[in-house]
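Asker: Taken in sequence, the protein lines are chains U and E. Residue 132 in our numbering sits at position 132 of the first sequence, with consecutive numbering throughout. Residue 319 in our numbering sits at position 319 of the second sequence, with consecutive numbering throughout.
It should be emphasised that the hints constitute simulated quantities derived from the structure, not laboratory data. You may find that some hints are simply not true.
Cut-off 27 Å, straight-line C-alpha distance, at most; resulting in silico cross-link-like pairs (DSSO-like, lysine-lysine) [to be verified]:
| id | chain 1 | residue 1 | chain 2 | residue 2 |
| --- | --- | --- | --- | --- |
| 1 | U | Lys80 | E | Lys160 |
| 2 | U | Lys168 | E | Lys10 |
| 3 | E | Lys5 | U | Lys168 |
| 4 | U | Lys149 | E | Lys5 |
| 5 | E | Lys160 | U | Lys168 |
| 6 | E | Lys47 | E | Lys80 |
| 7 | U | Lys149 | E | Lys160 |
Restraint-style ranges between C-beta atoms, simulated for each label pair [to be verified]:
| id | chain 1 | residue 1 | chain 2 | residue 2 | range |
| --- | --- | --- | --- | --- | --- |
| 8 | E | Asp312 | U | Glu143 | 22 to 28 Å |
| 9 | E | Glu208 | U | Asp170 | 39 to 45 Å |
| 10 | E | Arg243 | U | Arg177 | 20 to 26 Å |
| 11 | E | Trp462 | U | Val183 | 44 to 50 Å |
| 12 | U | Ala175 | E | Arg243 | 26 to 32 Å |
| 13 | U | Ala3 | E | Ser309 | 38 to 44 Å |
| 14 | U | Thr36 | E | Ser309 | 38 to 44 Å |
| 15 | E | Ser463 | U | Thr36 | 44 to 50 Å |
Model, not experiment: these values are computed from the prediction. Glycine residues also receive a C-beta, built at the ideal position from the N, C-alpha and C atoms.
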Amino acid sequence: MDAFEIVEGQVAVLDRADVDTDQIIPKQFLKRVERTGFGEFLFYDWFRSGEVELEPHPILVAGRNFGSGSSREHAVWALKDFGFDVVIAPSFSDIFYSNCTKNGLLPVILSEEECRQVAGSGEARVDLDDQTVTCAQGVFRFEVDEQIKHRLVNGLDDVAMTLQRAGKIDEFEQAGRADAGPVTTAL
Amino acid sequence: MADAKSLFDKIWEQHEVDDDLLYVDLHLVHEVTSPQAFDGLRLSGRKVRRPDKTLATADHNVPTDGTPAARLIADELSRKQVQALERNCDEFGIPLYSLGSARRGIVHVIGPELGATQPGMTIVCGDSHTSTHGAFGALAFGIGTSEVEHVLATQCLVQKRPKTMRISYSGQLGFGVTSKDLILATIGRLGTAGMQGYAVEYSGPAIEGLPMEKRMTICNMTIEGGGRAGMIAPDETTFEYVRGKPGTPQDFDAAVERWRHLPTEGGASFDREIEVDASELSPMVTWGTTPGMVTEVTAHVPDPAAMDSPADREAAERALAYMDLEPGTPITEIPLERIFIGSCTNSRITDLREAASLLDGRKIAPSLRGMVVPGSQQVKAQAEEEGLDEVFRSAGFEWRESGCSACLGMNPDILQPGERCASTSNRNFEGRQGAGGRTHLVSPRMAAAAAIEGRFVDIRNWS
Ligand code: SF4
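The shape of chain U in the complex, shown without the other chains (with noise of 0.2 Å):
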């Protein structure tokens, strides 16, 4: 995953709540055993219909309850690969704000009024290690994880990270804490 430096640019306005990920990318696309390409698929019938237009400009703007529905991570490689690097919403769902910061694609919170603002100004500048998008309305600051933060910014693979812990989840499994449930290649 690439850092995550300060994006600065214009802003695309999806001004509606609830957007799910059947709506980001519809499932004929999830059949694919790649991980790129999902770009031009992005909104599919949305896009296709003339319904919503939106230009790949590197900040997104959108609804409250963004990403809701399924866990399928395609929706955030569809919104990276059509050239988005921030989404910004009033809420996410859990598990679409997850895969995002797995993604390099940094979904920022703020409230319902400075997502209006900042759709408003046209253009944002959103800085990560500051937590602050500033734009011709205002700065808002915006909370972000530690943990989260600090892969983003170092472009640090979890992986690798939870590998160096690794003597920690030997310790556990030689603990004999890891013996519930059944083991599956026996069944």
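Starting from the structure of chain U, add chain E with the ligand where the hints point.
Answerer: Structure of chain E with the ligand alone, referenced to chain U:
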């Protein structure tokens, strides 16, 4: 009691390897969200740490027409994806139930029926409805593909402790009102983001009185309320359900003794508590394009103009346009074209028995196409042993092989544009069951009764 613990607290603490690092007891895998994870492992030269805690099945993509092997799947991309799963499981030593296996089925149906799902466990899967397994008093939640790779490599998950919520249901569900109605009504009340950030425990007499498969329906749809995980304390009903299944511990009695310590202690605290009177709930039907757009079967399609918030109004207007419904239309006057009985929410044997009991000796409306898709090959076999397949067939339903089927239409079972379907599944998003398809979520009983009448009926006064 300051140190009283909840079911969630106990499972969390028992699985904390290190700060924010949670050990995973069971990792379920399916074909759609795993190929990129296995690729990631190969690229970095990593192995699967615990294949013996990993279990795979093919469900989302599979045709339900009886195709006997992956290489015979007609759709090329589906075939490639299922074959990729077969290759990956073979290479990494993961047990797999693919096409042709009598144990294959929807991942959230086979976990419980194999006894792989047990109380007190942590369970994850690259699928949001993993919350289903929480019905056993497990901590179970969906993860993305990057996390699938992470769990494969480390058997752990980096996870911040979520907030906790308890929803207590007093009273008992009335006649004709099911656990599906209970969860739909709850989501309707709290909204689709009402449980966001929370691990939710469902409790109270109305929950304790439910059999396991009904409890699974509730935990399953926790994600539709935005919840991270749904849980129900294990009790005698749970233990009896798990007893004798292939994956259960050898010393079952000792395991039960351990599990008895799991339930939430009196005085344990939650970040949020909600109370619902279950006896006031009615059969529910969704009218819009999120599961929160739901109302009683006796009610009418709502009028967006009467909604307070502009965001709700706009969303409702768009939903009604998509659903082609007029405000004020009685729910019972909505005509249907399709009936789908299936999905990880409602495709288990008790669901099929309930639907069949209403259909026995009757015919579905001539204008309708109905489809029954058992949740697993084992459910299918059991239903056939009981003669339920005959009941469905004589009523005019198609009886299919197991899989996700029309729940998400990644396979040939899809709605045509404009078709209106009463569905026992969990999502009524735009295009979920097929581009342009219109989905109304209901319980299996409501779906069966609607099949006979060709429109929704209140099963409480329908005979
Ligand atoms: S049945 Fe539907 S909701 Fe359940 S796992 Fe399959 S696609 Fe997902």
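Asker: Please go over all the hints and tell whether each is borne out by the structure.
Answerer: Going down the list of hints, with the structure as the test:
For a cut-off of 27 Å, the pair hint linking Lys80 (chain U) to Lys160 (chain E) stands: about 24 Å separates their Cα positions. Of the supplied pair hints, the one linking Lys168 (chain U) and Lys10 (chain E) holds, its CA atoms being roughly 20 Å apart against a limit of 27 Å. Restraint check for Lys5 (chain E) and Lys168 (chain U): satisfied, since their Cα atoms lie roughly 25 Å apart, inside the 27 Å limit. A distance of roughly 31 Å separates the Cα atoms of Lys149 (chain U) and Lys5 (chain E); the hinted pair therefore is violated under the 27 Å criterion.
Taking the CA atoms of Lys160 (chain E) and Lys168 (chain U), the gap is near 18 Å; set against the 27 Å cutoff, the hint holds. Restraint check for Lys47 (chain E) and Lys80 (chain E): satisfied, since their Cα atoms lie roughly 23 Å apart, inside the 27 Å limit. For the suggested pair Lys149 (chain U) and Lys160 (chain E), the alpha carbons sit about 14 Å apart, so the restraint of at most 27 Å is met. Between Asp312 (chain E) and Glu143 (chain U) the C-beta distance comes to about 26 Å, which sits within the given range of 22 to 28 Å.
Here the CB-CB span from Glu208 (chain E) to Asp170 (chain U) is close to 40 Å, well matched to the stated 39 to 45 Å. Restraint check, Arg243 (chain E) to Arg177 (chain U): a C-beta distance of roughly 25 Å satisfies the suggested window 20 to 26 Å. Between Trp462 (chain E) and Val183 (chain U), the C-beta spacing of about 48 Å keeps the proposed range 44 to 50 Å intact. A C-beta distance of roughly 28 Å is found between Ala175 (chain U) and Arg243 (chain E), which places it inside the suggested range of 26 to 32 Å.
One distance hint, 38 to 44 Å for the beta-carbon pair Ala3 (chain U) and Ser309 (chain E), holds here, with the actual separation near 39 Å. A hinted range of 38 to 44 Å holds for the C-beta pair Thr36 (chain U) and Ser309 (chain E), which are about 39 Å apart. Checked against the hint of 44 to 50 Å, the C-beta distance between Ser463 (chain E) and Thr36 (chain U) comes to roughly 57 Å, which is inconsistent with it.
Hints 4, 15 from the earlier list are contradicted by this structure; the remaining hints agree with it.
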